[in-house]
Structure formats: C-alpha cells, structure tokens
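Student: For the protein sequence lines, the chains are A and U, in the order given.
The first sequence begins at 2 in the working numbering and counts up one residue at a time.
The second sequence begins at -2 in the working numbering and counts up one residue at a time.
Some hints here could point you the wrong way.
Some, not all, of what chain A presents toward chain U, calculated at C-beta under 7 angstroms [to be verified]:
id	residue
1	Asn50
2	Phe178
3	Trp181
4	Glu186
5	Ser231
6	Lys236
7	Ser238
8	Glu350
9	Asn351
10	Ser382
Using 27 angstroms as the maximum straight-line C-alpha spacing, the simulated BS3-like pairs for lysine-lysine come out as follows [to be verified]:
id	chain 1	residue 1	chain 2	residue 2
11	U	Lys32	U	Lys153
12	A	Lys130	U	Lys160
13	U	Lys63	U	Lys233
14	U	Lys175	U	Lys153
15	U	Lys202	U	Lys32
16	U	Lys175	U	Lys230
17	U	Lys106	A	Lys130
18	U	Lys41	A	Lys130
19	U	Lys41	U	Lys223
20	U	Lys63	U	Lys160
21	U	Lys176	U	Lys36
22	U	Lys230	U	Lys41
23	U	Lys153	U	Lys106
24	U	Lys223	A	Lys207
25	U	Lys41	U	Lys175
26	U	Lys32	U	Lys63
27	U	Lys176	U	Lys160
28	A	Lys207	U	Lys249
29	U	Lys223	U	Lys202
30	U	Lys249	A	Lys380
31	U	Lys223	U	Lys63
32	U	Lys32	U	Lys233
33	A	Lys130	A	Lys207
34	A	Lys236	U	Lys160
35	U	Lys106	A	Lys236
36	U	Lys36	U	Lys233
37	U	Lys106	U	Lys63
38	U	Lys175	U	Lys36
39	U	Lys249	A	Lys236
40	A	Lys380	U	Lys63
Note that these hints are calculated values from the structure, not bench results.
Where is the CB? At the ideal position from N, CA and C, for every residue including glycine.
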Amino acid sequence: MKKYFLALTSALLIPLLSPGQEDPDFRVSGYFTTMQSAMFDSLSGPFINDFLIHNRLNFSYSAGSQVAVVLELRNRLFTGDMLRLNPSYPEMIAADRGWLDLSWNIISRNSFLLNTTADRFYIDLNYEKFQARIGRQRINWGQAFVWNPNDIFNAYSFFDFDYTERPGSDAVRLQYFPSWSSAIEAVVKAGYDDKITAAGLYRWNKWGYDMQLLGGFMDGSDLVAGAGWSGNLFKTSFRGEATWFRPVKNFSDTSGVFLVTAGIDRVFSDNSVFQFQVMYCNEPPDLSSFSSLYSGTLSAKNLAFSEFSAFGSFTWAANPLLSLGTSAMWFPDLEGYFAGPSLDYSMAENVDFTLIWQHFKGRFAGEKSRINLVFVRIKYSF
Amino acid sequence: MKSFRKLKLLFVPLLLTAPAYMAAQSLTAVEVIKKADEKFNGEKSGYSVMSMTIVRPSWQRTVEFKNWTMGRDYALTLITAPARDAGQSFLKRGNEMWNWNPSINRLIKLPPSMMSQGWMGSDYTNDDIMRESSVVSDYIHEFAGEEIIDGRECYKIMMTARKEASVIWGHQIRWIDKKEFLFLKSELYDEDGSLVRTETGSEIKIMDGRNIPTRIELIPAEEPGKKTIIVIKEIKFNIAVNENFFSQQNMKTVR
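Isolated chain A (complex conformation) (with noise of 0.2 angstroms):
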C-alpha cells in the first residue's frame, strides 16, 4: 500500500506543478559536515572514536505562490568503532519509524557505512488562509526551548545538536489562519507500526503572549490535551507547555502521565544567550540505560527521567564570530546530571566550527555511570 501512494503521490503532483503564471522557483540548499566524535568514561580510559561524513540536501520546487514540493534528503557516511564494535548499528541506523520507510543503507561494510534518508518530503498547498501539507514534514508544536511536551509529533534527544531539523513525520496537516496571529490546526500522522496520530490546536496572540491550545489522540494509545504559551516578562523571554496524557484503555485506572515545564531566556546586547528550564512530571519513566536517556524517547509523553528536571545554560558571544557556551541538566532521580561546555566559530562565510564536550553522571538500572562524549565539526552550508 505504501508504494502505491508514493506513486499517487507523484501522479497527483505533475499537473499541480505545471507552471501557472507565476515564474516557478527551483532551490537546492544544504550543508556538508565533517564530524569527529569520542567517548570516553575517563580521559586515561579507551576512547571509542568515531567519523561522520554528513551531506543534506534540501530541494524545493514552487509552481507559484500556491503549490510547492519540498525533499530534503540525509547522506551519511558512517566510520569507527561503533560500527566495529556493534554489529545492530547498521540496522539501527536504518530504522525509519515513519509510515514510509525512506531511510536506506545503501552500502554496508564492516568499517563503514553509508545511508541515506529523506526526511522531509512533501506538497504544500496554499490558498488564501488555508494551507495543507501533505507527505513528510515536520511539525512542531513546541513553544519551550529543551522539553517539549506539546509537540506530540515529535519527540527527539536534546543532545542530538547534530540533528537540529528532526525527522519529520509521515502527516496530512491542514492549517486555517483566521487572523494574523491566529492558526487552527487539524492533523494526522500515521507511524511505522500504523498506529495514528490525530489532534488539533488553536494558537492565537493576546496581552502580548503567543497561546495555543491542543487536544486530541495519540501513538493510538492515548488521549492528549495539553496547553503552551511564549511571552515575555519585561526583558526577559517567558515560556512554557503542560500536556496530559491518559491511555484510553484502563482508562479509569489511571489518572495518566503529566508533563508541565517552564523556562525563561533572555538575548543580551551582545548577542549573549541565558537560559533556564525546569520541568515537572508525576509519572516518569524508568530508565533503562543510559543510551536511553542519550537518544532520547520515541514520545512527547517520556520526556521526563525524573520527576523534577532543571536545566540552565549560558552562551556569551565573545564577538560576532566566536561564541562561548555552557549548559547543564539535572536529574535528582537519577542523581545525575549533564554538564558540558561548547564553542562555535565561524571559519569563514559559509563554515562553521563547533566543538562540544557531554558529560554525563548518573545512576541507570541501579549501576552508577560516566560517560563524556567529544565532537569536533566543520560544517559548509551552501
């Protein structure tokens, strides 16, 4: 069934895309990283290094104002230890948990591995105040800046800082913009193992707060509701998102999972960036390992791994160039944290230098860890 509606898909897409009146506009834009990476529990302990070679391209093609067609495409090539040393890292690698699987490895070895995925592939119709978008895109319904649980759509590891565009979800979005500040959303996503998606949300503008509203059902499981706001108190930017989720089966059992967090941030003058989160949750989920808290959960609902997190951070623009960053988590449950310092540099016009340092300390499954990972990167962008 899947093929057949790729091949719909493109049937329904040519006489869209003939060229109305309006000139069409083809683009093709991305990035190239090279990324060196290494981890470590001590600094005198075996590394486990490993290199990335990384090229996305974004393609866009509009027939006018109203119809575009959107692929953005993720080639990686995979060396080092990691794929050495685990031989499920090719199939992990592969995993799509789309409705469509568009991720392929197109050569495996034992020393390297190249894969592609095409994480965004759509058409978007637009007309008037109505938008649709139809294929896989992503949508993000967050208003916070490290948890999200409104963004039922997505769920995804704060310390993927490679990955800044997610995957994207396999979705009919339909979009109604009442007014200029306003938006009624309707959507549907369907994951890899079928289960679906579907809710709505209301966001609108008042006394100065961006507001939104949102309901509906998710991962076939549960019912959602949930509420964000953005705003600002004086100077300093004030944000937050509660979501409520309850499975529909043993519906009475249970009284769900909670989630609520808020957070302030403020630009200083010189481009200098604060931050500071904390987040709530009643119910939070036991951690198995901590490749469970490092890659994150496959759902808005287990973002917590402790009941209380806290989060800070401070980037100082040292000049327009360089900026100095530090960031820390807390997981009082876990009696561990996340700390780490970072650097990014602009090389020249289209490059950039980044250098991050994770460490990690907790307790997973009863067993106290360390781990620090290192990441060295130069990115292109074209």
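Given chain A, work out where chain U should sit, using these hints.
Tutor: Positioned in the frame of chain A, the structure of chain U alone reads:
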C-alpha cells in the same frame, strides 16, 4: 511606551496639515527630516533588497535580506544569505516581534528588548531595520547651520530625543541635502552626549524614480577598523501592501 504612541498620533495630523506649496526655504527643521525620512523609506510603505557587511579589522561577514515595511508598526524581513540563515524571517507588529526558522519549522516569539540589539552581530540594530522609533515624532528638531558634504549643500539639524520617547539615542545631528532631501551624514549620540556612531550616505542613484544614497556606512566611534556597510540593491516605494501582509502565515511563505 503608551505615551509614546499617543504622542505619535497627536503629531502625525499636525505634520500632514503643512501646506504642500510651502517653499523649501521656509521649511522647518522637522519638515526637512520628515521629507528626507519619507523619501528614503516611502511615505506609506516600502520594499528593499539590501546587503549588510560587517567589517572588522581582521574579518568581514555579509548578510543579505529583503525587507517589507508599512509605517512604523509593520515590518517583515527575509534573510537570503548567508546559506546557514537563509529562509529565516522576522515579523514586527507594533512592539511585538517573531522569528520563523524553516529548518526546525518553528515560530519563536522574541522579547521587545531584541529591538535595540545589534542585528546579526552588526552595528545595525533591529531598531534600524525594523524601524521601531521615528526620526520625526520621537525628536525635537532645530536647525544648526548649513554645511557642504561631498560637494552638496546640506542643512545641519540637531535632533533631541523627546523625554517620553523610547529611543536609544539621546540626540542626533543630521546633515540633509538641501535640494534632494537625502540623509548624507548623521551623528548619533547616547544619553550622556557621547558620540556612538556616525552614518554616511553615498553612491547616490535613481531607484524607483527617486535619487537616494545606495551605500550607507555605519562607523562606531572610538572603534578603529570597525564598520557596517549597507548596500541597497533594489528599493520600491509605496508598494501595494496592507496590514494583512504582515502575518505569521506570510512569514513562512514570503520569498
């Protein structure tokens, strides 16, 4: 802020009643500033394509963008370069501001304090780009003589910030071409009266039927080797836009 808006409302009709046949010689200082401001920004609305180059002693970086404005309250800016930031847009309505980031598909509300901050690391502030303050209604103007800049006769006008106005400058001195009403030079001073930056306008060309300076240099005081250069590549005055154009929906589709 509220009092500043009220004041502006009071002020605008006053200016509009100035008779159109008034000869240049009898223009008041505020009228000269208003003419020059309207000439450069459009009486009602405007569209421009610009590049901004940040020059520092050992490096430089360029940002390119398109800018739609209507009055003081509405602005939409689309970044077209560098590649890393291309596609991001900024919307300003009144004193609220948003940023749209297409790569993460996210609308981010920005606090009003972002207005007075250096735009993308430059000497140019959001206030300059998104035009929060008004050179007309936020200042008290008086003639301070006449001088020649680049061979052109100029009015020299002293502008003192009104107490109620939320502007970042204490006072400004502006040199305005007497014939063409062009801002050829400005000196911007902080509230303590020290010079913060000098702006010069040059490379006067006809764009959309008007003679305007197409190269503007912002030179911060006491910071040798530093400046920001704005080059206007295209400009249109009084374009057909209305309030609905400045919407969150349009931030995502504007090209």
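Student: Now look at each hint and say whether the structure bears it out.
Tutor: Okay, the hints, checked on the actual structure:
{"no.": "1", "hint": "Asn50", "result": "violated (28 angstroms)"}
{"no.": "2", "hint": "Phe178", "result": "holds (4 angstroms)"}
{"no.": "3", "hint": "Trp181", "result": "holds (4 angstroms)"}
{"no.": "4", "hint": "Glu186", "result": "violated (12 angstroms)"}
{"no.": "5", "hint": "Ser231", "result": "holds (4 angstroms)"}
{"no.": "6", "hint": "Lys236", "result": "holds (4 angstroms)"}
{"no.": "7", "hint": "Ser238", "result": "holds (5 angstroms)"}
{"no.": "8", "hint": "Glu350", "result": "holds (6 angstroms)"}
{"no.": "9", "hint": "Asn351", "result": "holds (5 angstroms)"}
{"no.": "10", "hint": "Ser382", "result": "holds (4 angstroms)"}
{"no.": "11", "hint": "U:Lys32 <-> U:Lys153", "result": "holds (14 angstroms)"}
{"no.": "12", "hint": "A:Lys130 <-> U:Lys160", "result": "violated (42 angstroms)"}
{"no.": "13", "hint": "U:Lys63 <-> U:Lys233", "result": "holds (11 angstroms)"}
{"no.": "14", "hint": "U:Lys175 <-> U:Lys153", "result": "holds (10 angstroms)"}
{"no.": "15", "hint": "U:Lys202 <-> U:Lys32", "result": "holds (18 angstroms)"}
{"no.": "16", "hint": "U:Lys175 <-> U:Lys230", "result": "holds (25 angstroms)"}
{"no.": "17", "hint": "U:Lys106 <-> A:Lys130", "result": "holds (21 angstroms)"}
{"no.": "18", "hint": "U:Lys41 <-> A:Lys130", "result": "holds (25 angstroms)"}
{"no.": "19", "hint": "U:Lys41 <-> U:Lys223", "result": "violated (34 angstroms)"}
{"no.": "20", "hint": "U:Lys63 <-> U:Lys160", "result": "violated (33 angstroms)"}
{"no.": "21", "hint": "U:Lys176 <-> U:Lys36", "result": "holds (12 angstroms)"}
{"no.": "22", "hint": "U:Lys230 <-> U:Lys41", "result": "holds (20 angstroms)"}
{"no.": "23", "hint": "U:Lys153 <-> U:Lys106", "result": "violated (40 angstroms)"}
{"no.": "24", "hint": "U:Lys223 <-> A:Lys207", "result": "violated (41 angstroms)"}
{"no.": "25", "hint": "U:Lys41 <-> U:Lys175", "result": "holds (23 angstroms)"}
{"no.": "26", "hint": "U:Lys32 <-> U:Lys63", "result": "holds (24 angstroms)"}
{"no.": "27", "hint": "U:Lys176 <-> U:Lys160", "result": "violated (32 angstroms)"}
{"no.": "28", "hint": "A:Lys207 <-> U:Lys249", "result": "holds (21 angstroms)"}
{"no.": "29", "hint": "U:Lys223 <-> U:Lys202", "result": "holds (26 angstroms)"}
{"no.": "30", "hint": "U:Lys249 <-> A:Lys380", "result": "holds (25 angstroms)"}
{"no.": "31", "hint": "U:Lys223 <-> U:Lys63", "result": "holds (24 angstroms)"}
{"no.": "32", "hint": "U:Lys32 <-> U:Lys233", "result": "holds (17 angstroms)"}
{"no.": "33", "hint": "A:Lys130 <-> A:Lys207", "result": "holds (20 angstroms)"}
{"no.": "34", "hint": "A:Lys236 <-> U:Lys160", "result": "holds (21 angstroms)"}
{"no.": "35", "hint": "U:Lys106 <-> A:Lys236", "result": "holds (12 angstroms)"}
{"no.": "36", "hint": "U:Lys36 <-> U:Lys233", "result": "holds (11 angstroms)"}
{"no.": "37", "hint": "U:Lys106 <-> U:Lys63", "result": "holds (20 angstroms)"}
{"no.": "38", "hint": "U:Lys175 <-> U:Lys36", "result": "holds (13 angstroms)"}
{"no.": "39", "hint": "U:Lys249 <-> A:Lys236", "result": "holds (26 angstroms)"}
{"no.": "40", "hint": "A:Lys380 <-> U:Lys63", "result": "holds (26 angstroms)"}
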